[in-house]
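> Note that the protein sequences, when read in sequence, are chains D and P.
Just so we're aligned, residue 1 is where the first sequence starts under my numbering, counting upward by one.
Just so we're aligned, residue 1001 is where the second sequence starts under my numbering, counting upward by one.
Since the hints were derived computationally from the structure, they do not count as laboratory data.
Ideal Cβ placement from N, Cα and C applies to all residues, glycine included.
Any given hint could be a false lead.
Simulated crosslink set (SDA-like; lysine to any residue; CA at most 20 Å straight-line) [said to hold, decoys possible]: (1) D:16 with P:1150; (2) P:1012 with D:20; (3) P:1020 with D:22; (4) P:1147 with D:185; (5) D:2 with P:1113; (6) D:2 with P:1017; (7) P:1156 with D:191; (8) D:25 with P:1019; (9) D:112 with D:179; (10) D:122 with D:176; (11) D:16 with P:1029; (12) D:104 with P:1012; (13) D:17 with P:1029; (14) D:112 with D:6; (15) D:94 with D:173; (16) P:1055 with D:102.
Label pairs and their in silico Cβ distance ranges [what the hints assert, rightly or not]: (17) D:51 with P:1146: 53 to 59 Å; (18) D:166 with P:1102: 48 to 54 Å; (19) D:169 with P:1156: 44 to 50 Å.
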Amino acid sequence: MKALWSDMSDQLDQQKKLTNDIIIKMTQEKYSNKFRTLANYETFGAIVCFAILIFLLLNFHKLDTWYLLTCGIITMAFMIIFPVLTLRYLRKIKQFDIINKNYKEVLVGFHKAKTNLLNLQKAGVFASFIVIFTSAAVFAKIFNDKDFFMIERGVKEYVFLAFTLVFVFFFSRWGYKAYQRIANSAESVLKELE
Amino acid sequence: MQKEEAFVALIKQNEGLIFKITTMYTDHRADQQDLYQDIVYQLWKSFDSFRSESKISTWMYRIALNTALTRIRKKKRLGNSVSIDQVILKQTENYDQHFEERLKIVYAQVRKLNVVEKGLIFLFLEGKKYVEIAEITGLTPTNVGTKISRIKQKLKQQIIKK
């Protein structure tokens, strides 16, 4: 295997593909950040959350009972805490020092940062389970001036509510398991380095 | 300008090394190209720090492997993705289909290893001594030796199973 690898290295050394121009282009920032795509995606999400937050703040006076106020506060807290923390962790991952650290340090640091982000996303999955109801109550009041908890519901509405609950439950469980799988694999890599 | 020229010469001299790392850490051509560009960019960013260091190979391997580690994102590409089906260009004089097939098997088996194992076996195959591997990876030479013999066993079993 080592001999094969060495033969390959020799052949690769013969097949020069890069020109000066290509190399210079690669040194420019625009090529650098693959992670930027992810950050952009998350930034877009954060902007949406902040827009909702401003909208809620402007309409906060319409929430006229203690439970609607509580729902409003929970929804707003969710709209601030999760995007801010997600962006913070992403920034940490993006700015990870790979120049001055060795392979082990990078692996440990990078996996820890990733685990933090995953834990936050796991928490987000469960929080969204609650926020789906608090936000429904808040928006029902703001848009239709209706008290979500006092509305008279027929069988149709209850069936719909049950379906939503079941859907959110399975979706959350699926999301949690997916994050857990990634976290477990990160954990096993860290253990191997101990 | 002098710095740019020196950097270009260095990359040209070591393009095979970057190519090998990107082939090992990615499954698709587009990911490979992205990683390649990223490694060159990171090398450029840290070029000044290398100029004050003594060993160029240690610096290059460290930055290239670290970049590969932090830029891997498992994603399932759909549609236009092109899998990495060729290691040696057909244009080279010594192109040998059989040799290419054997290389593909080696890469396929190495890709099955986890990130720690991948980095270690790569440095080993590159002919690095345990002490140098230890310097690049931050593990102790003894630990490197133990892990590499375990990886060899694992690769052997993988190949036998295949």
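> Evaluate each hint against the coordinates.
Results of checking the hints against the structure:
1. D:16 with P:1150: Since the Cα atoms of residue 16 of chain D and residue 1150 of chain P sit roughly 35 Å apart, the hinted pair is violated (cutoff 20 Å).
2. P:1012 with D:20: holds (8 Å)
3. P:1020 with D:22: Holds: residue 1020 of chain P and residue 22 of chain D sit about 18 Å apart, inside 20 Å.
4. P:1147 with D:185: holds (19 Å)
5. D:2 with P:1113: At roughly 17 Å apart (the allowed maximum being 20 Å), residue 1113 of chain P and residue 2 of chain D satisfy the hint.
6. D:2 with P:1017: Given pair residue 2 of chain D, residue 1017 of chain P holds - Cα atoms ~15 Å apart, limit 20 Å.
7. P:1156 with D:191: It is violated: about 23 Å lies between the C-alpha atoms, which goes past 20 Å.
8. D:25 with P:1019: Answer holds: residue 25 of chain D to residue 1019 of chain P is near 17 Å, not above 20 Å.
9. D:112 with D:179: holds (14 Å)
10. D:122 with D:176: holds (6 Å)
11. D:16 with P:1029: holds (18 Å)
12. D:104 with P:1012: violated (28 Å)
13. D:17 with P:1029: It holds: about 15 Å lies between the C-alpha atoms, which stays within 20 Å.
14. D:112 with D:6: violated (35 Å)
15. D:94 with D:173: violated (28 Å)
16. P:1055 with D:102: holds (14 Å)
17. D:51 with P:1146: 53 to 59 Å: holds (55 Å)
18. D:166 with P:1102: 48 to 54 Å: About 53 Å separates the Cβ atoms of residue 166 of chain D and residue 1102 of chain P, which means 48 to 54 Å holds.
19. D:169 with P:1156: 44 to 50 Å: holds (46 Å)
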